[in-house]
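Heads up: the protein sequence lines correspond to chains A and B, in order. Each residue of the first sequence is one higher than the one before, starting from 25 at the first, in the working numbering. Each residue of the second sequence is one higher than the one before, starting from 28 at the first, in the working numbering.
Think of the hints as simulated: they come from the structure by calculation, not from any bench. All C-beta atoms in this analysis are idealised placements derived from N, C-alpha and C, irrespective of residue type, glycine included. One thing to keep in mind: the hints can contain errors.
Ranges between beta-carbon positions, derived for each pair [claimed, not checked]:
no., chain 1, residue 1, chain 2, residue 2, range
1, A, I360, B, V112, 38 to 44 Å
2, B, K57, A, N272, 51 to 57 Å
3, B, K57, A, S31, 31 to 37 Å
4, A, T196, B, V112, 45 to 51 Å
5, A, L273, B, T87, 53 to 59 Å
6, B, V112, A, S198, 51 to 57 Å
7, B, V112, A, G170, 23 to 29 Å
8, A, N338, B, N94, 53 to 59 Å
9, A, I360, B, R62, 34 to 40 Å
10, A, T367, B, K57, 31 to 37 Å
11, A, G170, B, P96, 17 to 23 Å
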Amino acid sequence: MSISKKSMLFGGLSLGFVAIMLAFFGNPANMAICVACFIRDTAGAMKLHSAAPVQYVRPEIAGIVLGAAGISFFRKERQSVAGSSPATRFILGMIMVIGALIFLGCPLRLVLRMAGGDLNAYVGLIGFVAGILTGIVALKQGFFLGKAKQTNQTSSFILPIFLLAILILSVTTSLLVTSSEGPGSMHAPVAIALLGGLIFGITSQILRLCFSGSIRDALLIKNYDKLLIVGLFFTIVLIYNLASGNFNLSFANQPIAHTEHLWNILGMYIVGLAGVLLGGCPLRQLILAGQGSSDATIVIFGMFFGGAIAHNFNLASSGNGTTPEGRIATIICIFILLLIALTNRKQRA
Amino acid sequence: MILLTTSIKSIVTFETIGDAMAFESLANDKKILGRLLPVPHSLSTGCGIAWLSDKDSFQTIKEELENAPYLDAELLLYDSSSKQVVR
Numbered sequence: 025m026s027i028s029k030k031s032m033l034f035g036g037l038s039l040g041f042v043a044i045m046l047a048f049f050g051n052p053a054n055m056a057i058c059v060a061c062f063i064r065d066t067a068g069a070m071k072l073h074s075a076a077p078v079q080y081v082r083p084e085i086a087g088i089v090l091g092a093a094g095i096s097f098f099r100k101e102r103q104s105v106a107g108s109s110p111a112t113r114f115i116l117g118m119i120m121v122i123g124a125l126i127f128l129g130c131p132l133r134l135v136l137r138m139a140g141g142d143l144n145a146y147v148g149l150i151g152f153v154a155g156i157l158t159g160i161v162a163l164k165q166g167f168f169l170g171k172a173k174q175t176n177q178t179s180s181f182i183l184p185i186f187l188l189a190i191l192i193l194s195v196t197t198s199l200l201v202t203s204s205e206g207p208g209s210m211h212a213p214v215a216i217a218l219l220g221g222l223i224f225g226i227t228s229q230i231l232r233l234c235f236s237g238s239i240r241d242a243l244l245i246k247n248y249d250k251l252l253i254v255g256l257f258f259t260i261v262l263i264y265n266l267a268s269g270n271f272n273l274s275f276a277n278q279p280i281a282h283t284e285h286l287w288n289i290l291g292m293y294i295v296g297l298a299g300v301l302l303g304g305c306p307l308r309q310l311i312l313a314g315q316g317s318s319d320a321t322i323v324i325f326g327m328f329f330g331g332a333i334a335h336n337f338n339l340a341s342s343g344n345g346t347t348p349e350g351r352i353a354t355i356i357c358i359f360i361l362l363l364i365a366l367t368n369r370k371q372r373a
Numbered sequence: 028m029i030l031l032t033t034s035i036k037s038i039v040t041f042e043t044i045g046d047a048m049a050f051e052s053l054a055n056d057k058k059i060l061g062r063l064l065p066v067p068h069s070l071s072t073g074c075g076i077a078w079l080s081d082k083d084s085f086q087t088i089k090e091e092l093e094n095a096p097y098l099d100a101e102l103l104l105y106d107s108s109s110k111q112v113v114r
């Protein structure tokens, strides 16, 4: 009925291998691939923000979307749909990235940090699960952003073309910014990063992978398929870290991480709740957009916007911890999420 | 014609998770055997939830859904081996 156990095994291991490859070839430590951070970096390269250490067009983002677009076209699963509360989705995407930048990672990076021994990530996991649980309550109460409808095919190509164009511009011109130091200066070669993104996009589309969905399904309907894939991904990265001496079990001195437990919890709470309300984590939004969902495309644009304002208004955390602005923004974001959860209910006849 | 094979299942897909949970309660009350699961990949590229039951429950489920018009749901007969909708 669902994907085969063999596909899950192969998929989880492939994704883990891609993460290892990207880290090996130069992506930041414990951040081989992070959708929120990489969208933030790309926004910086486009000068949507001016935080010098985090400006670089990440080919992985284009690769994921293009990979998902290509495989869904090949499997005849591509559908151009739109119309499910786009403005609300934009805000949810913005908030999801702000939450991720408070914690310093999307759910994908959460798992990578856990596999690196970063105990702060395990603390963040508490918030992530709590956010998903809150989202499940909202779903059971009838939360619904509305049904998407078929729309013109053109709309479904906007994001893949946009990301491809940005990538080409970054490689062939000096229009876009590249950090000379900091995380934005750490990156795998473009071809390897793009290949990694393509593999991630193709595999995630086939497996319907979603980090928030994996926990949602386990808690809601006791289905563990997606969680198994995430578990395999975690395991292979953990084994690599242990074998290569990159495993450091501690709270302190973790790369691109802070030890403020409350804000790690609340940051990932935002990501978990927003992910359930949106019907997918940041990675899943890229896949859905690649498959043709203009609603997911709007979410991605919201994420770009969120990444930009997180740095323009000093909301994002750093290795030194959270900022006063970031802490205020966290509380406001949680309030907005709960308001959205309460006010978007399916109207029953 | 319904093929007499155990690979034929009754599947109910839903507009919302809330509808899926409401149907689960209804099915438990009416003693309809089955369970919730992710929508089969061959039916949807989304992350929705469906109700899976045996083919013999098809008529019972159809009647219950007709008596519960507040649920946005679609009932299908699905062949899990060929991954095709039968009806």
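Status of each hint after checking the structure:
{"no.": "1", "hint": "A:I360 with B:V112: 38 to 44 Å", "verdict": "40 Å, holds"}
{"no.": "2", "hint": "B:K57 with A:N272: 51 to 57 Å", "verdict": "55 Å, holds"}
{"no.": "3", "hint": "B:K57 with A:S31: 31 to 37 Å", "verdict": "35 Å, holds"}
{"no.": "4", "hint": "A:T196 with B:V112: 45 to 51 Å", "verdict": "47 Å, holds"}
{"no.": "5", "hint": "A:L273 with B:T87: 53 to 59 Å", "verdict": "54 Å, holds"}
{"no.": "6", "hint": "B:V112 with A:S198: 51 to 57 Å", "verdict": "54 Å, holds"}
{"no.": "7", "hint": "B:V112 with A:G170: 23 to 29 Å", "verdict": "25 Å, holds"}
{"no.": "8", "hint": "A:N338 with B:N94: 53 to 59 Å", "verdict": "57 Å, holds"}
{"no.": "9", "hint": "A:I360 with B:R62: 34 to 40 Å", "verdict": "35 Å, holds"}
{"no.": "10", "hint": "A:T367 with B:K57: 31 to 37 Å", "verdict": "33 Å, holds"}
{"no.": "11", "hint": "A:G170 with B:P96: 17 to 23 Å", "verdict": "19 Å, holds"}
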